[in-house]
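Peer 1: Given these sequences and hints, build the entire structure.
2 protein chains.
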Amino acid sequence: MRDTNGQLGKAYLKDYIVRATPLLKEFLEKEKTEAINDKLGDIPLKLIETYSQLVSEGKGIRGALIELAYKACGGTDLERVLHASIFIELFHTAILIHDDFMDRDPFRRGIPAVHKTFEGIGKSLKVKIPADHYGNAVAVCIGDTGFYYSWKVLLDSGFAPAVILDAGKIYADYISRLGLGQALDLSITGAAKVSEEEALKVLLLKSAEYTAILPMKIGAALAGEEDIKRITAIENYAKCFGWAFQIQDDILGLFAKEEELGKPVGSDLREGKNTLLMIRLRKLGNQAQLEFQQKVLGNQDATVADVERMKNILKDSGTYQHVLDLGWKYTQEGTSYIPQVTSDKKIQEILESTIYYMMERTK
Amino acid sequence: MRDTNGQLGKAYLKDYIVRATPLLKEFLEKEKTEAINDKLGDIPLKLIETYSQLVSEGKGIRGALIELAYKACGGTDLERVLHASIFIELFHTAILIHDDFMDRDPFRRGIPAVHKTFEGIGKSLKVKIPADHYGNAVAVCIGDTGFYYSWKVLLDSGFAPAVILDAGKIYADYISRLGLGQALDLSITGAAKVSEEEALKVLLLKSAEYTAILPMKIGAALAGEEDIKRITAIENYAKCFGWAFQIQDDILGLFAKEEELGKPVGSDLREGKNTLLMIRLRKLGNQAQLEFQQKVLGNQDATVADVERMKNILKDSGTYQHVLDLGWKYTQEGTSYIPQVTSDKKIQEILESTIYYMMERTK
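Those protein sequences? They're chains A and B, same order as listed. For the first sequence, the working numbering gives the first residue as 1, with consecutive numbering after it. For the second sequence, the working numbering gives the first residue as 1, with consecutive numbering after it.
In short, the hints are calculated from the structure, not lab data. Certain hints may be false.
One copy or any two copies: either way a pair holds, since identical chains are not told apart in the list.
[To be verified] In silico lysine-lysine, DSS-like type, Cα no more than 27 Å apart, as pairs:
#, residue 1, residue 2
1, K14, K25
2, K311, K25
3, K39, K283
4, K25, K46
5, K123, K295
6, K126, K116
7, K169, K46
8, K46, K193
9, K263, K295
10, K128, K295
Peer 2: Next up, the structure:
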């Protein structure tokens with residue numbers, strides 16, 4: 001465990017959001033205007049607005065990683081890469097909307113999830129289909145739309161066509177795998193027996209690959225990077241980054257404060273998510289602890305006291321410390337690849353601090 | 001009304017399917033192999049298989065229109081355009097899977113809809129979430145995956161990067177609008193009051209634009225077409241084509257035989273779809289007929305006798321004939337643009353016969 005701080009990384013992400021948000025807003029305002037001109041009616045407008053609100057509350061990690069990888073590879077058109085990078089934030093918000101419907105999550109980023117918001121609207125519209133189904137269906141519609149918004153932004157980014165094509169191929173390849181990973185996740189979530197291999201595969205696809213490897217490879221592609229050694233170093237760094245991100249995400253899901261988390265503490269537990277904490281507890285817990293895990297994981301009615309007891313079990317069994325150590329191990333390993341990623345000292349510092357920040361963040 | 005026949009068009013579509021299906025199968029087999037190598041487990045494999053079965057039972061209209069427009073614009077790389085064209089069939093199957101979930105359609109192309117198939121699988125897996133929700137969620141997953149499969153195919157098609165970029169921009173633009181159109185459709189389906197403008201807008205987005213204008217503009221883009229006059233003629237032809245297609249689709253939804261339709265006759269009626277028949281009946285029906293329409297449109301419990309009565313009302317009120325005439329009007333208007341689309345006599349004949357076939361088809 002290193003006594004460092006991720007302040008520089010934290011500041012970089014914040015600065016990225018400050019620069020990216022107006023571009024996201026501008027793009028979605030333009031889409032909204034087109035929808036108005038198209039006379040698409042109130043609901044599509046309201047969907048775009050809801051989506052726009054959500055997209056501007058993201059952490060910006062993926063977009064910032066595109067930009068960082070681009071800079072690390074010597075890319076110099078910083079305005080263009082910023083414009084291009086927001087495509088992943090548009091995608092990310094869209095897939096979260098789908099995920100929240102799939103996971104039946106009522107909240108996201110501290111506000112009602114899109115499917116819940118539109119369930120309410122469906123009721124007031126008196127649609128003939130059940131209001132919850134209406135909410136789910138239109139949430140999927142705006143997610144689908146968001147996927148294609150993201151493509152619009154990437155294809156319109158103004159890089160050389162061959163470069164955009166390379167980036168787009170990486171994007172299409174990883175996301176088609178992500179969709180299958182989500183189906184696997186849904187299938188093993190709350191299942192009586194979960195193979196560790198499948199649970200780790202889900203985490204790999206949904207965290208390391210999607211959150212870090214995909215954006216950083218795209219950043220490198222947009223810089224026209226062809227040096228296999230550097231691309232491999234970027235992938236290695238990104239894989240560690242993704243794991244550190246996911247481990248802290250899993251920890252925060254139980255150990256953060258609710259007001260920072262933006263959704264109820266223990267949501268993952270109630271939904272039956274096979275987080276790394278849950279996977280490791282199966283190895284490190286005693287019989288009584290495992291029986292409690294079996295009882296509470298995937299139990300939508302788990303109480304606040306149940307969640308507290310699970311937190312104690314994770315600490316008592318050594319699982320919490322084990323997973324925390326693993327997060328720091330990935331952080332340090334990730335850091336070790338940085339010299340091969342770039343020789344630019346300033347970018348090196350940001351890459352180092354950002355991966356540390358993944359473990360240090362409190363939300 | 002012209003005494004012609006769409007046999008040449010019918011044969012062209014059939015031939016397209018014969019040529020496209022092996023490519024679709026080959027692509028999805030490769031994806032399946034990758035999923036196996038990736039150890040994604042049984043469910044993603046089963047999803048790919050279900051998707052593959054569905055994609056190979058399509059009518060191939062959209063893919064064939066890409067190819068026809070490409071040829072009409074003088075494109076010569078026929079093998080390449082065939083490979084590229086299947087992207088729209090991959091997309092189409094994916095969006096149908098989403099639509100069937102949204103519309104709660106239990107059948108598609110004569111077999112259970114994907115969400116229903118996986119509801120059954122969810123039950124046998126004993127997933128902790130309700131099996132119907134599980135079916136819906138994984139159906140959305142394979143749809144999402146299919147969108148990105150379609151991008152893989154388009155971006156990998158081997159045309160010049162700038163040409164692919166042009167095609168991709170058209171694709172992203174139209175489909176982001178389609179997603180909003182679907183949300184509008186869900187909002188007005190079964191609503192007590194429906195504005196004719198909104199109902200026609202939905203039909204425009206979901207039929208004319210998506211089914212014909214989008215694929216034909218992409219075919220022209222892949223041929224590198226830049227002549228605005230020709231592109232406009234293609235758009236005009238395609239718009240008429242799309243309306244003829246949609247009108248016959250609406251008619252068949254009530255007047256076809258169930259075994260040809262692949263789903264129960266009257267599904268549109270029970271779901272409350274504002275087809276052109278329903279929109280026009282509001283203008284042409286007498287009070288008793290409109291009261292019956294109000295009662296039965298969007299009524300999931302409408303009986304076979306109700307459907308029969310609606311068919312009689314549509315005939316008695318003149319609505320059926322009015323809409324049929326409109327379909328033929330579009331067909332003839334569409335035909336009138338063909339000389340500006342291409343001077344190639346053979347392609348002209350196929351374009352003419354194919355638009356006639358849209359109205360003549362029985363399924």
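Peer 1: At 27 Å max between alpha carbons, let me know whether K46 reaches K193 within a copy, between copies, both or neither.
Peer 2: between (42 Å within a copy, 19 Å between copies)
Peer 1: Go through the copies and call it for K128 and K295: within, between, both or neither, with a Cα cutoff of 27 Å.
Peer 2: Answer is between; shortest inter-copy Cα gap is 12 Å, intra-copy 38 Å.
Peer 1: Up to 27 Å between alpha-carbons, please classify K311 paired with K25: within, between, both or neither.
Peer 2: Answer is neither: 39 Å inside a copy and 49 Å across each miss the 27 Å cutoff.
Peer 1: Regarding K39 and K283, is the shortest C-alpha distance of 27 Å or less found within a copy, between copies, in both, or in neither?
Peer 2: Between copies only: 22 Å across chains, 58 Å inside a chain, cut-off 27 Å.
Peer 1: Classify it for me, K14 with K25: is the Cα-Cα distance of at most 27 Å met within a copy, between copies, both or neither?
Peer 2: within (16 Å within a copy, 46 Å between copies)
Peer 1: As a check of your reading, is K169 near K46 (CA-CA no more than 27 Å) within one copy, between copies, both or neither?
Peer 2: Between copies only: 25 Å across, 32 Å inside.
Peer 1: Check K123 against K295 for me: Cα-Cα at most 27 Å, and say if that holds within a copy, between copies, both or neither.
Peer 2: between (35 Å within a copy, 20 Å between copies)
Peer 1: With identical chains treated as interchangeable, where does the CA-CA distance between K126 and K116 reach 27 Å or less: within a copy, between copies, both, or neither?
Peer 2: Both ways: K126 and K116 sit 15 Å apart in one copy and 26 Å across, limit 27 Å.
Peer 1: Within a copy, between copies, both or neither: where do K25 and K46 come within 27 Å Cα-Cα?
Peer 2: Classified as within; 15 Å inside a copy, 39 Å across copies.
Peer 1: Is it within, between, both or neither when you check K263 against K295 at 27 Å Cα-Cα?
Peer 2: within (22 Å within a copy, 42 Å between copies)
Violated hints amount to a single one, hint 2; each of the other numbered hints is respected by the structure.
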